[in-house]
Amino acid sequence: MIKKFLAWLDGERNFLLFWLGLSALLRLAFVLKTGTGGLSPDAWDWMTTGWRVAAGEGFGGSWRPPGYIFYLAGISLAFGKSIMAVKFANVLLGTATVLLAYLTAKIIFNLRTARITAALLSFYPYLIAYAGDGLSETFMAFILAAAVYLIARASEKPSWPNLAAAGLVMGYTALTKSTVLPFLLLACAWLWWRTGKFRAGFFAGVFTLLAILPWSMRNYFSEGGYVMPVSTPWYSFYGSCSDAAIRVEMMGEQDSPQVAQIAPENWDYVSKLPLAERDKYCKEKSLEWINDNPYQFTYLLYLRVKHFWRLYPMMAYRWQKYAAMATSGLYIPLCFAGMLLGLRSFKKTSLLAGLLVLYTLVHMFFVVTLRYRVPADPYIIMFAAFALASLLDLFRKSAPGAAAAGQDFSRQEEMRKYYDESDYYTSEASVKQLADINTFFQRYRLSKILEIYAPGKDEKVLDLGCGWGTLEKALAPRVKEITGVDYSAKSVEVCQRAFQGSEYKNVSFLRADASATGLEAGAYDTIICADLVEHLYPEVFEKTLEECRRLLKPGGRLVIWTDCRDGLLTILREHDFLLAKDHSHVDYKTLEGMKASLARLGFETQKAYYAESHIPVFSFFERLLIPYLPLARRRIAVLASKPADGGR
Numbered sequence: 008m009i010k011k012f013l014a015w016l017d018g019e020r021n022f023l024l025f026w027l028g029l030s031a032l033l034r035l036a037f038v039l040k041t042g043t044g045g046l047s048p049d050a051w052d053w054m055t056t057g058w059r060v061a062a063g064e065g066f067g068g069s070w071r072p073p074g075y076i077f078y079l080a081g082i083s084l085a086f087g088k089s090i091m092a093v094k095f096a097n098v099l100l101g102t103a104t105v106l107l108a109y110l111t112a113k114i115i116f117n118l119r120t121a122r123i124t125a126a127l128l129s130f131y132p133y134l135i136a137y138a139g140d141g142l143s144e145t146f147m148a149f150i151l152a153a154a155v156y157l158i159a160r161a162s163e164k165p166s167w168p169n170l171a172a173a174g175l176v177m178g179y180t181a182l183t184k185s186t187v188l189p190f191l192l193l194a195c196a197w198l199w200w201r202t203g204k205f206r207a208g209f210f211a212g213v214f215t216l217l218a219i220l221p222w223s224m225r226n227y228f229s230e231g232g233y234v235m236p237v238s239t240p241w242y243s244f245y246g247s248c249s250d251a252a253i254r255v256e257m258m259g260e261q262d263s264p265q266v267a268q269i270a271p272e273n274w275d276y277v278s279k280l281p282l283a284e285r286d287k288y289c290k291e292k293s294l295e296w297i298n299d300n301p302y303q304f305t306y307l308l309y310l311r312v313k314h315f316w317r318l319y320p321m322m323a324y325r326w327q328k329y330a331a332m333a334t335s336g337l338y339i340p341l342c343f344a345g346m347l348l349g350l351r352s353f354k355k356t357s358l359l360a361g362l363l364v365l366y367t368l369v370h371m372f373f374v375v376t377l378r379y380r381v382p383a384d385p386y387i388i389m390f391a392a393f394a395l396a397s398l399l400d401l402f403r404k405s406a407p408g409a410a411a412a413g414q415d416f417s418r419q420e421e422m423r424k425y426y427d428e429s430d431y432y433t434s435e436a437s438v439k440q441l442a443d444i445n446t447f448f449q450r451y452r453l454s455k456i457l458e459i460y461a462p463g464k465d466e467k468v469l470d471l472g473c474g475w476g477t478l479e480k481a482l483a484p485r486v487k488e489i490t491g492v493d494y495s496a497k498s499v500e501v502c503q504r505a506f507q508g509s510e511y512k513n514v515s516f517l518r519a520d521a522s523a524t525g526l527e528a529g530a531y532d533t534i535i536c537a538d539l540v541e542h543l544y545p546e547v548f549e550k551t552l553e554e555c556r557r558l559l560k561p562g563g564r565l566v567i568w569t570d571c572r573d574g575l576l577t578i579l580r581e582h583d584f585l586l587a588k589d590h591s592h593v594d595y596k597t598l599e600g601m602k603a604s605l606a607r608l609g610f611e612t613q614k615a616y617y618a619e620s621h622i623p624v625f626s627f628f629e630r631l632l633i634p635y636l637p638l639a640r641r642r643i644a645v646l647a648s649k650p651a652d653g654g655r
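Residue 8 is where the sequence shown starts when you use our numbering, and the numbers rise one by one after that.
For the record, the hints were derived by calculation from the structure and aren't laboratory data. Treat each hint with caution, since some may be false.
[Claimed, not checked] Have a look at the derived ranges for each label pair, beta carbon to beta carbon:
#1 G609 to F584: 37 to 45 angstroms
#2 E581 to K614: 20 to 28 angstroms
#3 G562 to R607: 17 to 25 angstroms
#4 L217 to K614: 57 to 65 angstroms
#5 F66 to K287: 16 to 24 angstroms
#6 F86 to F353: 30 to 38 angstroms
#7 F584 to K287: 47 to 55 angstroms
#8 K279 to M371: 23 to 31 angstroms
#9 W167 to N513: 33 to 41 angstroms
#10 L217 to P189: 18 to 26 angstroms
#11 R351 to T612: 32 to 40 angstroms
#12 I578 to E458: 20 to 28 angstroms
#13 R206 to K40: 45 to 53 angstroms
[Claimed, not checked] Heads up, simulated BS3-like pairs for lysine-lysine below, C-alpha to C-alpha not over 30 angstroms straight-line:
#14 K204 to K588
#15 K355 to K164
#16 K588 to K550
#17 K512 to K455
#18 K467 to K497
#19 K164 to K497
#20 K464 to K512
#21 K497 to K614
#22 K292 to K279
#23 K290 to K313
#24 K497 to K354
#25 K560 to K487
#26 K596 to K560
#27 K550 to K467
#28 K550 to K497
#29 K467 to K560
#30 K204 to K354
#31 K455 to K497
#32 K596 to K467
Virtual Cβ for every residue (Gly too), placed ideally from N, Cα, C.
Whole structure, please, built from the sequences with the hints as guidance.
Shown next as structure tokens:
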């Protein structure tokens with residue numbers, strides 16, 4: 008029963024159905040338990056302002072940013088003044104946050120990290136608890152998760168719609184909490200760096216400003232020409248930089264929830280000032296306090312960093328720390344481990360690391376409470392999930408019997424799911440580099456493959472691991488017939504789409520396993536395995552060679568083109584140092600090892616040599632050093648044939 012459930016859970020759709028369903032049920036159960044109660048004092052202020060906006064009475068003197076208030080006003084217009092409507096909406100937002108975090112982790116890290124992230128977030132107690140409150144944290148966690156996902160997606164496919172969506176949602180995130188504004192600047196710079204296109208970061212920034220601008224203009228005209236992009240930052244800053252703020256940070260744990268607000272003595276007076284006047288007054292007073300108390304201010308910043316990242320947050324009851332230690336107490340150390348591991352793919356992970364760093368720096372200057380960190384918790388958990396996924400990989404590789412007979416085939420099946428469920432065949436970078444036969448890399452690749460053996464016009468050719476169909480594009484005009492085989496449904500779909508309406512009717516594609524194609528025996532003159540065998544586990548590779556022997560005509564040729572295990576670039580990539588690791592490359596082969604495998608199966612090796620990389624200048628030195636230095640051996644080229652008499 009358990010095995011059947013785990014097998015069912017293995018599919019992406021079923022996995023999401025289960026964990027998102029569990030996420031929704033847990034949040035719904037908590038909401039039903041608390042009913043209309045369990046609201047924080049600030050929640051009433053948020054909802055009252057939202058109800059007032061829905062009734063057409065405006066914001067009044069509220070200092071709060073408008074994003075969450077507009078959201079509450081929308082709920083009020085749809086369902087009236089209903090606390091339960093807000094809570095039920097929180098259930099949906101909390102569940103959507105889990106989904107968005109899953110999708111983000113899948114882009115930034117890998118599928119296993121995404122799955123662990125979704126599972127941990129589904130029952131993360133703080134996100135569940137805030138679903139039962141009317142505070143802005145649940146909405147902020149959702150809108151920030153949406154912004155981060157759209158930024159990550161735009162980095163993979165920097166199209167106009169993706170950049171516009173990322174920018175507009177980033178803008179609305181800033182309208183919800185202005186403390187994320189520094190991160191949004193970083194996100195635009197990251198898009199530029201990640202894509203190599205200035206326009207990607209620029210246009211995302213333009214759409215971000217377009218989302219914020221209407222509210223900034225409203226502030227400008229309603230406050231007599233005073234420029235205030237989102238809300239009144241100096242009001243919060245004044246409350247956070249004072250003698251009262253020092254007392255708050257030094258209080259430690261309490262035996263009961265704090266009800267009375269600890270604020271500067273003239274807080275009531277300040278709160279009643281008009282917004283523009285209040286902002287100017289608070290700016291003057293807060294800077295004056297910092298100037299008079301530089302050492303206290305420095306100590307205050309230290310306390311806030313300490314409290315923001317402590318293993319359990321400031322608690323109302325002492326017993327709560329035990330629950331916290333079982334969640335954030337575990338996730339935070341794992342998060343730091345994940346951030347260190349993520350340095351190997353820093354160009355990707357820097358988006359999330361930058362978010363956590365800037366989120367911390369901004370909150371150093373404001374009062375620190377647990378709920379202010381909650382919107383960033385999904386990314387703490389995401390890094391923790393990456394550390395756990397890396398640990399699981401290590402255990403799997405080092406476990407006794409890890410290479411037991413037959414296990415290679417189950418692991419190969421996992422790789423098939425990776426190809427179908429990831430953006431391996433659809434990301435803009437992959438399509439640009441690997442699908443177009445006119446790129447510098449593909450011209451090099453195709454010329455090197457045809458140097459090994461160039462099929463003639465009367466030959467039937469089989470391309471195992473056809474990928475993006477580049478060999479089919481190159482060989483269709485030159486051969487009688489060519490069939491591309493790949494076990495990824497997404498690959499076959501991409502290839503078939505590329506040949507829709509093509510003049511070449513001698514090209515076909517088949518979804519099948521290279522080790523068991525089901526094709527007719529002895530039907531092919533040439534089989535090409537170009538950039539395939541590094542994707543195959545050892546047992547599967549041996550079985551694939553057997554299948555090639557079955558499919559070839561007597562005297563038929565087998566062409567193999569693959570990465571060399573000993574090459575410098577391969578070693579750097581395998582260790583994720585300077586070059587990003589390709590997780591689809593599961594077993595780099597050696598030339599001698601392949602020759603031995605071919606000989607065991609009765610093939611006759613006709614050519615076997617090393618080749619240089621495609622990198623200008625570097626390739627020149629590789630060619631000189633290939634005979635003497637293994638590090639210079641970038642590629643392996645092999646031509647083998649099936650004996651004319653059919654062999655054994």
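Against the structure, the hints:
Distance hint check: the CB atoms of G609 and F584 are about 40 angstroms apart, consistent with the given range 37 to 45 angstroms. The hinted window of 20 to 28 angstroms between E581 and K614 holds, with their beta carbons roughly 26 angstroms apart. Taking the beta carbon of each, G562 and R607 are about 20 angstroms apart, inside 17 to 25 angstroms as hinted. In this structure the supplied range 57 to 65 angstroms holds for L217 paired with K614, their Cβ-Cβ distance being about 60 angstroms.
Under the hint 16 to 24 angstroms, the C-beta atoms of F66 and K287, about 19 angstroms apart, fit the expected range. For F86 and F353, the hinted distance range of 30 to 38 angstroms is not satisfied, since their beta carbons lie about 46 angstroms from each other. Here the CB-CB span from F584 to K287 is close to 52 angstroms, well matched to the stated 47 to 55 angstroms. Between K279 and M371 the beta carbons are some 29 angstroms apart, a value that agrees with the proposed interval 23 to 31 angstroms.
One distance hint, 33 to 41 angstroms for the beta-carbon pair W167 and N513, holds here, with the actual separation near 38 angstroms. Between L217 and P189 the beta carbon distance is about 19 angstroms. The supplied range of 18 to 26 angstroms therefore holds. At roughly 37 angstroms, the beta-carbon separation of R351 and T612 lies within the given 32 to 40 angstroms, and the hint holds. Under the hint 20 to 28 angstroms, the C-beta atoms of I578 and E458, about 25 angstroms apart, fit the expected range.
Judged by the Cβ atoms, the range 45 to 53 angstroms given for R206 and K40 holds: they are separated by roughly 50 angstroms. Annotation: proposed proximity of K204 to K588 holds, straight-line Cα distance about 23 angstroms (limit 30 angstroms). As the CA atoms of K355 and K164 are separated by approximately 14 angstroms, the hinted pair is consistent with the 30 angstroms bound. Proximity of K588 to K550 is assessed by CA-CA distance (about 26 angstroms); at most 30 angstroms being required, the pair is judged to hold.
Between K512 and K455 the CA atoms are separated by roughly 26 angstroms; this keeps the pair inside 30 angstroms, and the hint holds. As the CA atoms of K467 and K497 are separated by approximately 24 angstroms, the hinted pair is consistent with the 30 angstroms bound. Taking the CA atoms of K164 and K497, the gap is about 17 angstroms. The hint holds against a cut of 30 angstroms. For the hint pairing K464 with K512, the CA-to-CA distance comes to about 14 angstroms; that is within 30 angstroms, so the pair holds.
About 33 angstroms separates the Cα atoms of K497 and K614, which puts this hinted pair outside 30 angstroms; it is violated. Between K292 and K279 the CA atoms are separated by roughly 16 angstroms; this keeps the pair inside 30 angstroms, and the hint holds. Simply put, K290 and K313 have alpha-carbon atoms about 25 angstroms apart, close enough for the 30 angstroms limit, and the pair holds. At roughly 26 angstroms between alpha-carbon atoms, K497 and K354 fall within 30 angstroms of each other, so this suggested pair holds.
Distance restraint check for K560 and K487: the Cα-Cα separation of roughly 15 angstroms lies within the 30 angstroms cut-off, and the hinted pair is therefore satisfied. Using a Cα cut-off of 30 angstroms, the hinted pair K596 and K560 holds, with the two alpha carbons roughly 26 angstroms apart. Taken as a hint, the K550 and K467 pair is honoured in the structure, with Cα atoms around 22 angstroms apart against an allowance of 30 angstroms. At roughly 23 angstroms between alpha-carbon atoms, K550 and K497 fall within 30 angstroms of each other, so this suggested pair holds.
A C-alpha spacing of about 10 angstroms is found between K467 and K560, which places the hinted pair at or below 30 angstroms, so the restraint holds. This hinted pair checks out: K204 and K354 have alpha carbons roughly 14 angstroms apart, not beyond 30 angstroms. A distance of roughly 26 angstroms separates the Cα atoms of K455 and K497; the hinted pair therefore holds under the 30 angstroms criterion. Annotation: proposed proximity of K596 to K467 holds, straight-line Cα distance about 27 angstroms (limit 30 angstroms).
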